[in-house]
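A.B. asks: All chains should be built: construct the whole structure from the sequences, respecting the hints.
Number of protein chains: 2
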Amino acid sequence: MEFGINFFPTVGPDDKPAGTYFDEALRLAELAEDLGFDHVKTVEHYFFKYGGYSPDPVTFLAAVAARTRRIKLVTGAVIPAFTHPLKLAGKLAMLDNISKGRLQVGFGRAFLPDEFDAFELSMDESRPRFAESLRACQRLWAEENVVWEGDFYRFGPVTLLPRPYQRPHPRILVAAAITPSSCEQAGRDGHGLLLVPSISKREKVQEMLTLYRKAYAEAGHEPGGDEVHMSYNCYLSEDAGEAHAQGKEYSQRTNSVMVDAVAAWGQRRSEGYEGYEKIVDRIAKADFDRSLAENKVLVGTPAEVVERLRTIREWFGDVTISLQVISGNPAFEESVRTMRLFSEQVLPHFRDQD
Amino acid sequence: MEFGINFFPTVGPDDKPAGTYFDEALRLAELAEDLGFDHVKTVEHYFFKYGGYSPDPVTFLAAVAARTRRIKLVTGAVIPAFTHPLKLAGKLAMLDNISKGRLQVGFGRAFLPDEFDAFELSMDESRPRFAESLRACQRLWAEENVVWEGDFYRFGPVTLLPRPYQRPHPRILVAAAITPSSCEQAGRDGHGLLLVPSISKREKVQEMLTLYRKAYAEAGHEPGGDEVHMSYNCYLSEDAGEAHAQGKEYSQRTNSVMVDAVAAWGQRRSEGYEGYEKIVDRIAKADFDRSLAENKVLVGTPAEVVERLRTIREWFGDVTISLQVISGNPAFEESVRTMRLFSEQVLPHFRDQD
Ligand SMILES: [Ca+2]
Ligand SMILES: [Ca+2]
Ligand SMILES: [Ca+2]
Ligand SMILES: [Ca+2]
Ligand SMILES: [Ca+2]
Ligand SMILES: [Ca+2]
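From first to last, the protein sequence lines stand for chains R and Z.
The C-terminal position of the first sequence is numbered 358 in the working numbering, with every residue numbered one higher than the one before it.
The C-terminal position of the second sequence is numbered 358 in the working numbering, with every residue numbered one higher than the one before it.
Treat the hints with care, since some could be wrong.
[What the hints assert, rightly or not] Cross-link-like lysine-lysine pairs, in silico, BS3-like; alpha carbons within 27 Å at most:
no., chain 1, residue 1, chain 2, residue 2
1, R, Lys289, R, Lys208
2, Z, Lys104, R, Lys91
3, Z, Lys205, Z, Lys289
4, R, Lys104, Z, Lys289
5, Z, Lys104, R, Lys104
6, R, Lys91, Z, Lys205
7, R, Lys205, R, Lys289
8, R, Lys20, Z, Lys91
9, R, Lys20, Z, Lys289
10, R, Lys91, Z, Lys20
11, R, Lys104, Z, Lys91
Everything labelled a hint here was simulated from the structure, so no lab data went into it.
C.D. replies: Given below as structure tokens:
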């Protein structure tokens, strides 16, 4: 299994000035490399405390690339609907070169109605926009003299500069929240998968994984071992009581900023997002103790978290885990402690099984 | 006077792999800080060797921000027509925070027909698009709950996250190639100015500067001393003959990639770009020895370049100079030497006059 840190900010100016946020996040990213984690990841969101400090994951990851030498950089995810593919493919190719080939590109459809509204885009078009943009980026990276005649973009012949460092292009990952057919498509296309196990039942995640892996294998793609990424809120302490109390507080805070961000789903339905109103409902009713019992958060002592991860591996197989150690706005020193305890007492149990 | 380095790449994959380009550029950016330069700047261009390795200046400057502590970071320029203002303002605000307030944002209209074609934008709309996007970014940075109802964008109320580090926002600079009224407008608005003295006669540049400074003063804006930026190709050697021979070679190469990039102007006219066909003509006919005689390139021994800069200061006053030390694709060591000679033997002559 591989492990990394997912920078999912849940703060606004009244919680933490952005200068402090980025200073701390860059220090934690350097620490992640020093502690032997495999990747640094960050999100794309706008306007809300829920991810809003990170409207452009490439900008943050470029800074991380300049401060590190080994660790992989993962967008989790970029939203192609909000950036022209010529621009998106170009800046990702820059990042791939700046990092000397450490980039993996997660693409997402986005799901917050307020974001689509601000960019004047219809959520109903989200699926075809996503498919077209992802494919356009892939061709711009892999081919020269690209002529693109799609439903949303027409350009070419153009040859993207710079050419990506990785040939034909960086690994592509597809964010799939709850839609099994998206997983199947990603598998057929040979892309990786970004999953959020906390918002679905275990059986649902397993169903999505089975479809994905079957389609991936049937299409003849080579397994890389790090195709499937899953993010978990994570809080560790050697004191079990403290771990649970603080882990609960930060999980609840994370949840409460998510409730604000998804509020618009109360008055919105979109054919491209069937079932999303249920997610919203589930988030509003989320209960920390149940989440903990269902292994949807990695909270506890190191020994406890080792057990949780063994169970997760039994359920889902050899997946890549992204730890959310800043969500809920813990003190910087608490995030450092969680990462150190994980590196020292949890990671070693999962390194040899690779 | 202030001095910095403008990273204007003129290479493609057959000249230099992009991994090498960014590795060298980041090392030169660190060196710029260590040698006492005031800023690092880079361009936004696509597809051609003329700037095409830099489709997103923010990505490169974020990496520079992570490797430096003091030096200012300047976009020279971002093209708002190619990025939604919510996205553009957001990532620039991230960079301002990552760099702890070292950002200055140059905005440009772009002028290459192939770039507008690829983004499916009419050049005729370039001026109103530019004005609307710049103003939208400025309001998104300075205000909360922004409602925008423009000709090209409608959104809000939204509060941009993250808030910029500098309040109300980073200094804004406006790229003005040949249009005096753009300079006047920039002055009225209290913005800085990015000028390219190599493409105009000295008297034309002086006319633009006079209009700018008059409008700036009459509108009651505080002079900061670093409002006016000018870029110059620069090559130094202690051997005058070598400096001229190599400086000429690199200037001619720079010119030849520019000729390729502007070729589409041969069959294009746009009401927003009156007179641009003449620039193209001028570039095609450019003669290095005449450019040198007219102080449009900073080439020579350090003593010679000191004299050239004294003349430039007499002509244009206390401006900020951006040295193009990689354009034309000199060897890395030659760029290093130019920067060292400039820092040691040229800079000291212009520090005390501030
Ligand atoms: Ca390190
Ligand atoms: Ca593995
Ligand atoms: Ca507490
Ligand atoms: Ca340094
Ligand atoms: Ca000054
Ligand atoms: Ca030579």
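A.B. asks: Can you give the numbers of the hints that this structure goes against, from lowest to highest?
C.D. replies: Hints 4, 6 and 9 not satisfied by this model.
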